[in-house]
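Residue strings, one per chain:
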Amino acid sequence: MTLKQPPLAAAHAERGAKLTDFGGWEMPVEFDSIRVEHEAVRESVGRFDVSHMGQVTVAGPDAGRLTDRLVTNDVAELDPSESCYAAITDDDGVMLDDTIVYRLPDGWPNEAEYLFVPNAGHDAEMTDRWTRYRDEWGLDATVTNRTESFAMVALQGPDTSDVLAPETDADLAELARYETVMADVAGVETLIARTGYTGAGGFELLCPWDDAETVWSAVDCQPCGLGARDTLRLEMGFLLSGQEFDPDDEPRTPHEAGIGFAVALDTEFVGRDALERVDAEGPDEKLRGIELIDRGVPRHGYSVTTPDGTPLGTVTSGTMSPTLGYGIALAYLPVDRVGPDDLVRVRVRDEPKKARVTTTPFLDR
Amino acid sequence: MSFTVPDDLRYLESHEWVRVSDDSARIGISAFAQDELGDVVFVELPAEGDAVAAGDSFGVVESIKAVSDVYAPVSGTVTAVNESVTDRPELLNDDPYGDGWLIEVELDNASGLDDLLSPEEYEDQIA
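Chains A and B, in that order, are what the protein sequence lines are. Just so you know, the first sequence maps onto residues 1 to 365 in this note's numbering. Just so you know, the second sequence maps onto residues 1001 to 1127 in this note's numbering.
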C-alpha cells in the first residue's frame, strides 16, 4: 500500500524529520527529539502537522440529525461555532472511533453545516457509515470526505497565543474551549478551534491543503512529531484509536474507556440502548492509569498482575513520561478487583516491576 | 546527517563499538545508534562478574519509542558497569563514545576481534 503524504511532506523532509507510517500516512515522528518537543509544548509552544486526521463534512437539512444519531454526544445542542468530543459506537455500544464534531462557524467556505474529524485512516469508513445510515433512515444530507482537501496544524502549549496572535485577525482570547472561528491566518482562510490532544492548551488550525505551508511556516515554533504527540496525550490519559479502543482487537464501550461524560443518553444514537445498560450496571473493567514505582518503561502488550502474580489486564499504551520522569501506562482492569492506589506489577521482559494504579490525568493540572 | 565514527574503535553491524586496550575492552553504542533510538530513558546492564559472549545480547537500551537489545562485540567477563548511565540514560545520547559507555570486560581471548568492522567499514554501513 502506498502511504499518503501530508501537504507538508517537502517541508518536513527539508527540516530533517524522521518519518513513520501512521494510519496509512507517512508522518513525522520526530524532528529533534521527543523530549525536546514534549518539553516545548508543556513549557512554551509547539506545532504539529496533523493532516492525517480525517475531515468529513455534512450538509443539508438533516445534517445535524444524521450526525447526532451516529455519535454519542449531543450534537443538536451545538450552536454554530461550537464543537464537542464524542464517540462513534456500533449497536453494541462498542467504540468504532472517537471524534470532535463541529457545528461550523459563519464564513465556512462551503455549504456544510457540520464537520467531524475521524482518526487517521478512518475517514473513508466513517464517510461510508454516514452515507449508509442516511440512506437507511431516508435523511436529506450530503456527506463529503474532505480529508485530502484540508491540512490540519495543531499549535499547542501555554504560549500558543504569542505565536498565533500576530498572524491572525481572530480575537483568540475570546475563543472558549471547543469554540471555533473562521479567521485569516497569514492570509489564508482558516478555521481556528480551541481544541487539542496534549492537555497543554492551544488551537487546531484547519486550512486548505494547498495553503498548508503558508500556515505552517507562519506559526513558526518547535515542530513536533507523533512521538511527542503520543507522550503528551498519554500524560493526560487521552485515548488513542487502535490502542485504547479498536472494534476488532480492543472492543470497548465509552464507559470502560472513561469517556462516559461524552455519552448523552437523553439523545438517540446507534448504540444508545446498549450503553444505557452499561451506564446502569457499571462496566466490569475500566481504563486505569498505572504509575511505575520501579524503574522501567511499560509498553503496549505488557501484562499487569497483582503483587502475587495473578493476571489483571494488559497495558494498552505506556511510555516513560518526559514530564514526570517515570513510567506511565493505561490498562483495562477489573473494577471489582483493583482500583486507584492499589499496588500491582507490570511485567517488563518477565520481570515484575512494582507499580501503582492511579486515576488520570497523570499530570496535576 | 553524518555521525562520528572514531578511528580507534571497532564496530558491530548492530551498532555497538568496542575499545580494546591490552586484555580489556570497553563497550558502548554508536552515535548513529543513539540517534536512531532517540531519547534513551532506560538501560539494563549485566552485573560485574557476569560472562558475555560475542554476538549475544548483554543488555537492553530503551528509548521513549523503542526497546533495543545490545550485543557484545567480544567475549569476556564483566569487570565494570557504568552506573552513571543507569541513573542518567540520556548520557547515551549526549556522549555515546565517552560518558555514555556501557560495560567493560576482561577479554577471554583476543580472537574474534578481526571479525569486527573497521571504522571505514562501519562508516560505509551507516552511510
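Be aware that a few hints might be false.
What the hints assert, rightly or not - Below, a list of computed lysine to aspartate or glutamate pairs in the EDC-like style, where the Cα atoms sit at most 20 Å apart: (1) A:Lys-353 with B:Asp-1035; (2) A:Lys-354 with B:Asp-1095; (3) A:Lys-18 with B:Asp-1035; (4) A:Lys-286 with A:Glu-276; (5) A:Lys-286 with A:Asp-246; (6) A:Lys-354 with B:Asp-1035; (7) A:Lys-354 with A:Glu-281.
What the hints assert, rightly or not - Which residues of chain A face chain B? A few of them, derived with a C-beta cut under 8 Å, are: (8) Glu-30; (9) Ser-33; (10) Thr-231; (11) Arg-233; (12) Ile-293; (13) Arg-295; (14) Gly-296; (15) Val-297; (16) Pro-307; (17) Thr-319; (18) Val-338.
Read the hints as simulated data drawn from the structure, not as lab findings. Glycine is no exception: its CB is placed at the ideal position from the N, C-alpha and C atoms.
- Query: Which hints from the list above does the structure break, by number from lowest to highest?
  - Reply: 1, 2, 6, 7, 11, 12, 16 and 18
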